[in-house]
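Here the working numbering = 1-based position in the sequence shown + 34.
Hints are computed from structural coordinates only; laboratory data are not their basis. Where hints are given, some of them may not hold.
[As the list claims (entries may be wrong)] Here are the simulated DSS-like pairs of lysine-lysine, each with C-alpha atoms no more than 25 Å apart in a straight line:
| # | residue 1 | residue 2 |
| --- | --- | --- |
| 1 | Lys388 | Lys521 |
| 2 | Lys522 | Lys493 |
| 3 | Lys278 | Lys388 |
| 4 | Lys612 | Lys278 |
| 5 | Lys493 | Lys521 |
| 6 | Lys388 | Lys522 |
| 7 | Lys522 | Lys278 |
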Amino acid sequence: MKSSNRFGRYEVTGRALTMLIALAAAPVACDPHEQGTSELLGEPTANEPINTSESALSWGSFPENGPTDEDTPIGLAFEIDNGVGVPLRVRRGQRFYINQIDIRTAIDTTTDEGVDGLSQSGDFADFDWDGVEFEEESFVGQPNADGTFSRRRFYRGADWMEDPSFFVVEQIDAGGHTLALPVVVGTGLEHIRTTLDSFFIRRLRAIQWTNDCVSPTSCDGASAYEEEALVELRSANGPNPNFKLRPAATALRVTWSLKPDDAYLVPLEQVSSPEWDYGFDIELDAVTAPAPDGTYAPGQAVTFQFTMLDGAGNRLHAPGTMPSYADFLAGEVDSGIQYWRASAEPYVTYYRRKHREKQIQLAIMGPMQETGPIYDVVDIFQRIDFQTGVVSVASPEQNGFYAAATGVPSYLSIFGGPSAWELPSTDTWTFTLPPDAEPGTYYVVLKARRSYLGEDIPKSQVLAIQVGSPTPTSPALDTGGCGNCHKKGGSFARTVHGLENRGACTTCHVPLSFELEGPVYVRTHFIHSRSNRFDAPLSSCSSCHQTAEGIQRTSKSACLSCHDSYPQSHVEAYGPVKDMFIGGGAESFQQCTNACHTSHPGSGL
Numbered sequence: 035m036k037s038s039n040r041f042g043r044y045e046v047t048g049r050a051l052t053m054l055i056a057l058a059a060a061p062v063a064c065d066p067h068e069q070g071t072s073e074l075l076g077e078p079t080a081n082e083p084i085n086t087s088e089s090a091l092s093w094g095s096f097p098e099n100g101p102t103d104e105d106t107p108i109g110l111a112f113e114i115d116n117g118v119g120v121p122l123r124v125r126r127g128q129r130f131y132i133n134q135i136d137i138r139t140a141i142d143t144t145t146d147e148g149v150d151g152l153s154q155s156g157d158f159a160d161f162d163w164d165g166v167e168f169e170e171e172s173f174v175g176q177p178n179a180d181g182t183f184s185r186r187r188f189y190r191g192a193d194w195m196e197d198p199s200f201f202v203v204e205q206i207d208a209g210g211h212t213l214a215l216p217v218v219v220g221t222g223l224e225h226i227r228t229t230l231d232s233f234f235i236r237r238l239r240a241i242q243w244t245n246d247c248v249s250p251t252s253c254d255g256a257s258a259y260e261e262e263a264l265v266e267l268r269s270a271n272g273p274n275p276n277f278k279l280r281p282a283a284t285a286l287r288v289t290w291s292l293k294p295d296d297a298y299l300v301p302l303e304q305v306s307s308p309e310w311d312y313g314f315d316i317e318l319d320a321v322t323a324p325a326p327d328g329t330y331a332p333g334q335a336v337t338f339q340f341t342m343l344d345g346a347g348n349r350l351h352a353p354g355t356m357p358s359y360a361d362f363l364a365g366e367v368d369s370g371i372q373y374w375r376a377s378a379e380p381y382v383t384y385y386r387r388k389h390r391e392k393q394i395q396l397a398i399m400g401p402m403q404e405t406g407p408i409y410d411v412v413d414i415f416q417r418i419d420f421q422t423g424v425v426s427v428a429s430p431e432q433n434g435f436y437a438a439a440t441g442v443p444s445y446l447s448i449f450g451g452p453s454a455w456e457l458p459s460t461d462t463w464t465f466t467l468p469p470d471a472e473p474g475t476y477y478v479v480l481k482a483r484r485s486y487l488g489e490d491i492p493k494s495q496v497l498a499i500q501v502g503s504p505t506p507t508s509p510a511l512d513t514g515g516c517g518n519c520h521k522k523g524g525s526f527a528r529t530v531h532g533l534e535n536r537g538a539c540t541t542c543h544v545p546l547s548f549e550l551e552g553p554v555y556v557r558t559h560f561i562h563s564r565s566n567r568f569d570a571p572l573s574s575c576s577s578c579h580q581t582a583e584g585i586q587r588t589s590k591s592a593c594l595s596c597h598d599s600y601p602q603s604h605v606e607a608y609g610p611v612k613d614m615f616i617g618g619g620a621e622s623f624q625q626c627t628n629a630c631h632t633s634h635p636g637s638g639l
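Required output: the full structure, derived from the provided sequences and hints.
What follows is the structure in structure tokens.
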């Protein structure tokens, strides 16, 4: 894996950013009937100089959750595909900051040329592709509809990916006239995260897809290739700079410093008095009443109901029901509730658009003092109850605790094909506790995502219930310190699932038969080891792990989700590395030994 130190570019980045901010403060031709004041980093007029010191680059504070009006800064997400901006509907006159940018370009070819074709044609052909290198590869776990398989090869290191660049975003009218001062956001650097970064998450890379492989291990004779390059910027570090939409605005003109003479246009439709507010909240309640002491009994069926709301507390669905999967696929869910977009486009942990997967899941687990990683591979189709749609994830006998989950809509609908997609969905679900459920606190957790009028946000809710005992218990987490890096725009409340309670992740994050890299520890190791922007040496396990015991369960999945190779002696004992996420197959979750690797060099533990 490529690694280099580009700390020397930090000062260049800062100077470049402040220069662009100063340029953004230059006078522009505005509609005489509109206000002409700047809304970049405060409210100076177009003729006032802007303080370009680092102290002036305050990202501001995010607004509190709750009702919004047109002056509440809302995080805007926009997309550009093969050079064309995807149209946006937004609330008329709304104030926005740029929270998410997705850009993609792709070409098809019959030649196995890696991603070389992207430097010859497509939206990024004029970029500096020097330095691009193949990093790693992985096959998709499930076959294609025609029985072939797909392989993904990932490329990084091109100069355009490594270096800082900037986006100047202007609102324009139907005649192409600029209506207000622009806002400027930057990509930051690949190899260092700084206080000047506009976004917490920065991922620029290229992928070669081989879509007609003869097996999940061989692409001999393949001829169906796709090359794509991706930009993923999201989780703004604050609501500054921001801008207020002018009444005449019909598009955003987005000029990337890598394409200064070829701006993108993102069409806008401004909606007056939309039915719902921005924001997203979830209420989660137990419908089944507990015993007088506040507990539920082992073996009891407990029913739960959730309600999805906008920021003003308005319901996003009728009581007792949820939209069908067919309604969602047809684009008929106007409230912004999102379901699993499994067939919309491919997703790859870290490398490709997992934030766009957008499924709703409801899960239960406990007792919390016994929960931990689940090492069994879960095949949804073998573990699902075909009457209730609930998937058994863990059992007291096998795992030492109970865990179950369901999708919304039910997996029976999602995976059942077009006829099942028409089935009505519900906001009410029942989990039956095991008869031998141990006493303690159990978590019920719901995670969801809403995409509405330009805002794309995650949200989760956790409900604690008592089973068999009124005495609360807590999960025994052996990691911590996440908030040292995950703050501001990168806080858990604003990223991933909008879930701050890390003890509630276990049930959904399991090794799935079609996605073995599901466990949290696998994804955490993989993402932090690949991001190049982790703030500590990767060997310093104590940055996250709190005890030496927490790093002593050795397995291929634990080690090879961070390392990309191991010694020849290990190859002879455990086989070659076959998967970039976990090293191999289902056996990767088995403990290799308890006699070796009781410490890690440089771990700090």
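Query raised in the report: Given the proposed pairing of lysine 278 with lysine 388, does the C-alpha separation stay at or below 25 Å?
Result: 30 Å, violated
**Report entry** Straight-line alpha-carbon gap lysine 522 to lysine 493, limit 25 Å
**Finding:** 16 Å, holds
Query raised in the report: Does lysine 521 lie within 25 Å of lysine 493 when you go C-alpha to C-alpha?
Result: 17 Å, holds
**Report entry** Satisfaction of hint between lysine 278 and lysine 612, Cα-Cα up to 25 Å
**Finding:** Measuring from Cα to Cα gives roughly 51 Å; hence the hint is violated.
Query - Given hint lysine 522 paired with lysine 388 - CA-CA distance at most 25 Å - result: 21 Å, holds
Requested in this report: Below or equal to 25 Å on CA atoms is what counts here, so check lysine 388 against lysine 521.
Outcome: Distance ~20 Å between lysine 388 and lysine 521 Cα, so the pair holds.
Query raised in the report: If you draw a straight line from the CA of lysine 522 to the CA of lysine 278, is it 25 Å or shorter?
Result: Holds, at roughly 22 Å.
Violated hints, listed in ascending order, are 3 and 4; each of the other numbered hints is respected by the structure.
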